[in-house]
Each structure stands twice: as structure tokens, then as C-alpha cells.
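Enquirer: The primary structure of each chain is shown beneath.
Protein chains: 2
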Amino acid sequence: MKRTSRSKRLNILVSNDDGIDAPGIEALVKELQRIGKVTVVAPSKQQSAVGHAITMNYPLRVNPYYKNGTFFGYAVDGTPADCVKIAVKALLRKKPDILVSGVNHGSNTAISIIYSGTVSAATEGTILGVPSIAVSLTTYGPADFRYAAKFARKLALLVVENGLPEGTLLNVNVPPFPEKQIKGVLITRQGRAIWNDEFDARRDPANKEYYWLTGELEEVDTEIAFDQPAVRNKYVSVTPIHYDLTDYNMVQTMESWGIHKLK
Amino acid sequence: MKRTSRSKRLNILVSNDDGIDAPGIEALVKELQRIGKVTVVAPSKQQSAVGHAITMNYPLRVNPYYKNGTFFGYAVDGTPADCVKIAVKALLRKKPDILVSGVNHGSNTAISIIYSGTVSAATEGTILGVPSIAVSLTTYGPADFRYAAKFARKLALLVVENGLPEGTLLNVNVPPFPEKQIKGVLITRQGRAIWNDEFDARRDPANKEYYWLTGELEEVDTEIAFDQPAVRNKYVSVTPIHYDLTDYNMVQTMESWGIHKLK
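Residue numbers (our numbering), protein chains in the order written: chain D, 1 to 263; chain E, 1 to 263.
Bound conformation, chain D alone (with noise of 0.2 Å):
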């Protein structure tokens, strides 16, 4: 039964944030070409910490891409998650088997979650109903996408053959060493660092104030049960996340709060 699943022709949808003339989907299309038909909807330029962004006061343009001798594609102006809403929603003919969206560029750990536009693609597609994980190398130097993209591919079939709960995805985050040094894949939990944001004022010609955004996300956990600590120590980190954001804990501590007759 499992082989016969897994012989199956695939219907897949890849989208990014990076944009789709990035390195990093063009490596992902390629490996996925090996167990499936693959449909690139990916934004037409760079789009990284749009978060969960969507277009409703303009309209959306969708152009034909071709990628020399790799893919043909549609290339949306809009953002990540606009681009999975306009592919199943009305460029695709049947709900995908699965979405990938990556590689990306630069790690999705800890807090960075929730500002990425490659979370946000496949959070998107697991809001439709179609099961997606969010795939990113973690480096923002010179990057080799070429192992991210086999880990894709490995687990894509994984997921087609066990399924996701409706409501969760998985956000992969991989190191950015040769496979040979890749120490093993963990299961972790999305970790607790946070960006230690500063702005760095300047003046312009005109002597007038801008601000530019800086900072480093400051290390915080340091078990390997967590995302950051799992790909610093050379361990592919694979974290179930889901969008019921509701903190149950709360719930119950605020009975105490006499909320209920602030009205």
C-alpha cells in the first residue's frame, strides 16, 4: 500500500518569499520534478519579513515565468501568502497533494516565525486545507541549497504518505553544511530567542532623520529540543506549528480577573 502511495504522481505547489527567480526555488523545483508535477506560484519580486501579509486594496497581476530549462511558473505581485490564496483559489485546477515553499535564504527559527514570508506560504496553504511545509537554509551568506532541497523531497513523501492534522505544518530549518556533516533530523519546538532590535539614525543629503532597522537574534535556549540550538549543532530541525494562537493557560488564569464585570 505504502509503495503504491508513494508511486503516485504528485500534484505539488512551490512558493517562496525570496521571489521566484531565487536560487533557492529553482533548487527545490528541481529535486521535486523527481516525484511529482510541480506548479511554481511565487512572488514576482523579494519579499522576506512580509509576515502573514495579504493584498485586498489592489488587484493582483499574475504573469507567465519561464525558468530557462527548469520550470515554467506564475509570478504574482503580491506577497507570499497572496500567491498560495491566487494558485488554489483560481489558477489550479485541483487542490495540490502538498505545497512546499523555500528554500529560503536565511533561518526561520524562534521568533523569526512569525515575520516569515516563507512560514507564511505554507501557513496559508494549511489554511486551505492543503498539507505544506516551509523549508529554509540557515546562512545568509553564500549558500548551497542542494541538501535543503533532497531533505524537501524526503519528507514532502513523508507527509503525503502519514498526512498532517488539519491546522498544523511543518517549518524545516536546514543547516548549511554538506550532507556528510549533517548530524541527523530532530523533532523540536520553535524557540524562545528574540531579536535584539536597535536602529541606527542617519541624516540624508537633505539633513533629514531616517532610521535603519538592525540587531541580532540573541540566543537564548540552549537544548537541542528547541530550533536554534537543534541547526547550530548541525541536526536538521523539523517543527510542528499550527495557527490556533489562544493561549489555554490564560484562559483559565483570567476567570480570576473579574473580567467579566468590567462591561
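Hints should not be assumed to be uniformly reliable.
Any copy will do: because identical chains look the same in the list, a pair fits if it lies in one copy or spans two.
Claimed, not checked - SDA-like mimics (lysine to any residue), calculated; alpha carbons at most 25 Å apart, straight line:
hint : residue 1 : residue 2
1    : 95        : 205
2    : 45        : 77
3    : 263       : 140
4    : 150       : 19
5    : 67        : 251
6    : 183       : 250
7    : 234       : 72
8    : 89        : 207
9    : 180       : 106
10   : 234       : 252
11   : 263       : 176
12   : 45        : 58
13   : 183       : 252
14   : 183       : 232
Since the hints were made in silico from the structure, they are not lab data.
Since chain D is already given, all that's left is putting chain E on it; use the hints.
Expert: Relative to the frame of chain D, chain E by itself:
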């Protein structure tokens, strides 16, 4: 003791996603000025559905803004999250006692929470260690923000008195009715409704296609333990939310997938 803490003059940061000239933020500021010193740092333009976007590839501009007779503030040409980051990290001399985001014109219940710029401002405040509340009025029609603003003031005092756990914020939705028609206040969970998206394909004068996103939030939940039915039934809904997206149940389930052998 409670009396003392209540009579302390609070430092209050206010932001929103409808823009600094929106009527909802003005109503909010007027109420909050009764309990403290209010600093407004808000987007110069409307920023709905931006999710948790931040600006990294462009510098931010900050312009002084006078709302005649009501407040002095700062207009930032960025997202709600940008506003809160730059307020806490560059503009304010000390960390505020509380942040209130809103009053948003339109509901932020169920899945809308993850698209919401209003919630994003409060999330950013929470990340930066400031107790934070997001407040929305659940109508897209003509709006009277006064009761929502008054409720926000009372809740702000309760939050300062009780504190919030690290990483937890409150998402408040107020139904658009006069105070005497409001039935009460409920502590709720994030609803499970999702948008029933559709794309309206049109042609421009040059016969090129473009797409408008349309759709409605489907009603799924019926119990007033969820945010959407609560407001539909004329209750103020207060939902504690957090940004640890880990799906802890799935962490357990995935142990059986053999994912460790994927490398």
C-alpha cells in the same frame, strides 16, 4: 495598594493599523488620556492585512504629527510592527507601562488574527516586554468607537493591575452597539472560521487580466466560548493569545513517523 497602583500616572503607547489619522485611534487616545500620558506612534497610511510585516530593506521615516486638540504623535511610513519597534527602541525614553493597539475599524476574530496589523502591533509590544492589548470594533460600516475606547481604558487598568504572563497578549473585539445593548464580557478562544476566498478576474483597458481578492469569513463556531459567536451575540470578546506556534501534540505524534531516519 490597588488604589495606589491605579492612581499612578501611566505611560501608554498607542498604535494601530488604520493609520494615525483614523477616527478609531483618536477615540482611543481621548479615553486613555484620562489615565495616563499617551504617546501615539502609528503608520502614516492605512496598513490593514499587513500581518506581522517589518521593514528591513528600506529605512524608516518618522514625522511629527499633530491631531488638533487631541494629541501629538509620530507618523511612521512603515507597518504597525515597525511603529512599535521604533517607538520602544528609539523614540521613547522609557519602556511604556502598556501598549494599546486600535481601535481597529473591523473585526479581528478567528483566522483574521493572523492577517491583522492591529494584533501585530500588540504582538510586537509583547515581544518587547510591554503588556499589550489589541482592540477592534466588529463592523465595516459607519462606526462609533466610543464604547470600544472606553472598554479599552478599563481593560488597560486591569492589565496593569494584574500583569500579563511573558509572551501573552489580549485580543479584544467589541460589537458595534451602544453600551446599554452590550450583554457582557467573555474570555474566549480564537474561533475556527476561515475566509472563503474567491478571486474576481477582470480585464483592464488594455485587455490584460487582473484579480481582486473577495470572500467572506465563514461561520463555523456556534458557542460563545469562541470569539466570533461572542461578538455576534453582543458580548465583548477578550482572547488571550501568544506567539509560541509549536503544536505540542504533533511533536509527540511525529515521533512515530521515523523522521529521524530521513537524513
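Enquirer: Against each hint, give a clear statement of whether it holds in the structure.
Expert: Structure-based check of each hint:
no.	hint	verdict
1	95 with 205	neither (52 Å within a copy, 32 Å between copies)
2	45 with 77	both (7 Å within a copy, 20 Å between copies)
3	263 with 140	between (50 Å within a copy, 23 Å between copies)
4	150 with 19	within (20 Å within a copy, 44 Å between copies)
5	67 with 251	neither (50 Å within a copy, 37 Å between copies)
6	183 with 250	between (38 Å within a copy, 23 Å between copies)
7	234 with 72	neither (34 Å within a copy, 50 Å between copies)
8	89 with 207	between (48 Å within a copy, 22 Å between copies)
9	180 with 106	within (21 Å within a copy, 52 Å between copies)
10	234 with 252	between (39 Å within a copy, 22 Å between copies)
11	263 with 176	between (54 Å within a copy, 14 Å between copies)
12	45 with 58	both (16 Å within a copy, 15 Å between copies)
13	183 with 252	between (41 Å within a copy, 21 Å between copies)
14	183 with 232	within (11 Å within a copy, 52 Å between copies)
When the structure is compared with the earlier hints, violations turn up for hints 1, 5 and 7 and for no others.
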